[in-house]
Amino acid sequence: MKELELQFTKMVKEQKATISTVCLMFSDDPDEVDELVQLTLINLWKGFADFNGKSSMRTWVWRVTMNTCISAERKNKRLRESTTSLERIGVDTTAEATNDKQIVALHNRIHRLGLFDRAIVLLWLEDMSYEEIGDIVGISAKNVGVKLARIREQLKKMRI
Amino acid sequence: MTTTDFDELDGMKQQLRELQEKLKGRDIVNDRMIRNAFSSNIGRLMRRETLQLVMLLVMLIVYPPFFRTGGCSLGLTIYAEALFVVCALSLVWSMSQLEKIRRSMGDNIVDTNTRLLRLKRGEQRWLHYCAPVFITIFLGWFCHDIYYLKAFSFGELDMHGKYTLMGSMIVGALIGGIIGYFRFYRPKIDALNEALSQLEDLKENENI
Numbered sequence: 017m018k019e020l021e022l023q024f025t026k027m028v029k030e031q032k033a034t035i036s037t038v039c040l041m042f043s044d045d046p047d048e049v050d051e052l053v054q055l056t057l058i059n060l061w062k063g064f065a066d067f068n069g070k071s072s073m074r075t076w077v078w079r080v081t082m083n084t085c086i087s088a089e090r091k092n093k094r095l096r097e098s099t100t101s102l103e104r105i106g107v108d109t110t111a112e113a114t115n116d117k118q119i120v121a122l123h124n125r126i127h128r129l130g131l132f133d134r135a136i137v138l139l140w141l142e143d144m145s146y147e148e149i150g151d152i153v154g155i156s157a158k159n160v161g162v163k164l165a166r167i168r169e170q171l172k173k174m175r176i
Numbered sequence: 169m170t171t172t173d174f175d176e177l178d179g180m181k182q183q184l185r186e187l188q189e190k191l192k193g194r195d196i197v198n199d200r201m202i203r204n205a206f207s208s209n210i211g212r213l214m215r216r217e218t219l220q221l222v223m224l225l226v227m228l229i230v231y232p233p234f235f236r237t238g239g240c241s242l243g244l245t246i247y248a249e250a251l252f253v254v255c256a257l258s259l260v261w262s263m264s265q266l267e268k269i270r271r272s273m274g275d276n277i278v279d280t281n282t283r284l285l286r287l288k289r290g291e292q293r294w295l296h297y298c299a300p301v302f303i304t305i306f307l308g309w310f311c312h313d314i315y316y317l318k319a320f321s322f323g324e325l326d327m328h329g330k331y332t333l334m335g336s337m338i339v340g341a342l343i344g345g346i347i348g349y350f351r352f353y354r355p356k357i358d359a360l361n362e363a364l365s366q367l368e369d370l371k372e373n374e375n376i
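Top line first, the protein sequences correspond to chains D and R.
For the first sequence, our numbering assigns the number 17 to the initial residue and increments by one for each residue that follows.
For the second sequence, our numbering assigns the number 169 to the initial residue and increments by one for each residue that follows.
No lab work stands behind these hints: they were computed from the structure.
Since we're looking at a predicted model, the values are computed, not measured.
Check before you lean on any hint, since a few could be wrong.
Partial list, computed: chain R residues near chain D (C-beta under 10 Å) [unchecked claim]: (1) K181; (2) L184; (3) R185; (4) E186; (5) N198; (6) M201; (7) R271; (8) V278; (9) D279; (10) K288; (11) E291; (12) Q292; (13) A363; (14) D369; (15) L370; (16) K371.
Which chain D residues face chain R? A few, computed with CB under 8 Å, are given here [what the hints assert, rightly or not]: (17) K62; (18) I86; (19) L122; (20) G130.
Just so it is clear, CB atoms sit at the ideal spot from N, CA and C, and this is done for glycine as well.
Starting from the given sequences, assemble the full structure and let the hints guide the process.
Quick look at the structure:
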């Protein structure tokens, strides 16, 4: 058991950027982000012993994290552009600093997408192939292409 | 897609990398959370359902003697017990399904969320249709028993009191039902249906 706990801790530390990114993109409230991270870790731990290695560990972590966030985050606050969760990680949400300003813009645009569109675009931004995205989401690679084209249209409209 | 779109999306990739760099130096996923994950067997939903199950089991044991000594009929006592058993079984079933879903969080997003949403929708329907029907029958029967008991005790049947209480109960149930339906049930079901339709939409191009 201790060995499994050590392996799990190592895996979480390796994948913590993925877990944090997804949770941040699914909530704008720092307390909710903590709750999402905690729920994700519980779900990862529950499935860790049964992880069969059919997919890569990275893909599996993405799946569990996104499933947890999507199933927990149904309060639909898409239209409220709050960025308090970003402030906690040191992003200056009011400054003119270009990098921070762009991160805020990225957060707001992704946060305004539907839950499943958010998942698809995050996977795409992570440089995953259409096949990998399709495998995680549960749709075909061709369908991923169609969805991404629609998401791009939505993102363009947000810019206007 | 135009070159501008490519530039913009590449820009988003760059922004995500910058965000991840910032996250690497932060303590969002910390050791305390990892330790909590080891010790946590159930989530908030499971805890709530476990508490409900314990309360039902207590009622299952406490209520029969309480009902019978209070003068309620054997029929009502059996009905109430059956009601508790049905509720307990549905809770156990719901908990087992939830546990199955939690264990299969590593499956794809569409399948996992479809299962979870259907479970939640089923739970809402049970809570808003079946449970009130069972409870209304129970309360009606309860009023009937109480007033007949009173009639036997005092030698006269207080029909006026009986119908007043029954009438109030019906009006109260109607008002509660209408508020519950529009204030709680409909928004929840609409949100669940919308999420399910988003999942359908995700899959709609599969057969084209």
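Here is how each hint holds up against the structure:
1. K181: With a minimum Cβ separation of about 5 Å from chain D (threshold 10 Å), the hint on R/K181 holds.
2. L184: holds, 5 Å
3. R185: Holds - the Cβ of R/R185 comes within 10 Å of chain D, reaching about 9 Å at its closest.
4. E186: holds, 6 Å
5. N198: Interface hint status for R/N198: holds (9 Å vs cutoff 10 Å).
6. M201: Holds: closest Cβ of chain D sits about 5 Å from R/M201, inside 10 Å.
7. R271: With Cβ-Cβ at 6 Å, under 10 Å, it holds.
8. V278: holds, 3 Å
9. D279: holds, 5 Å
10. K288: holds, 9 Å
11. E291: Since the shortest Cβ distance to chain D is 14 Å, the answer is violated.
12. Q292: violated, 13 Å
13. A363: holds, 7 Å
14. D369: holds, 8 Å
15. L370: Holds, because the Cβ-Cβ distance from R/L370 to chain D comes to roughly 5 Å (cut-off 10 Å).
16. K371: It holds, given that the least Cβ distance between R/K371 and chain D is near 6 Å, below 10 Å.
17. K62: holds, 6 Å
18. I86: holds, 6 Å
19. L122: holds, 4 Å
20. G130: This hint holds: D/G130 lies near chain R, its Cβ roughly 6 Å from the closest one there, short of 8 Å.
Checked against the numbered hints above, the structure breaks hints 11 and 12 and satisfies the rest.
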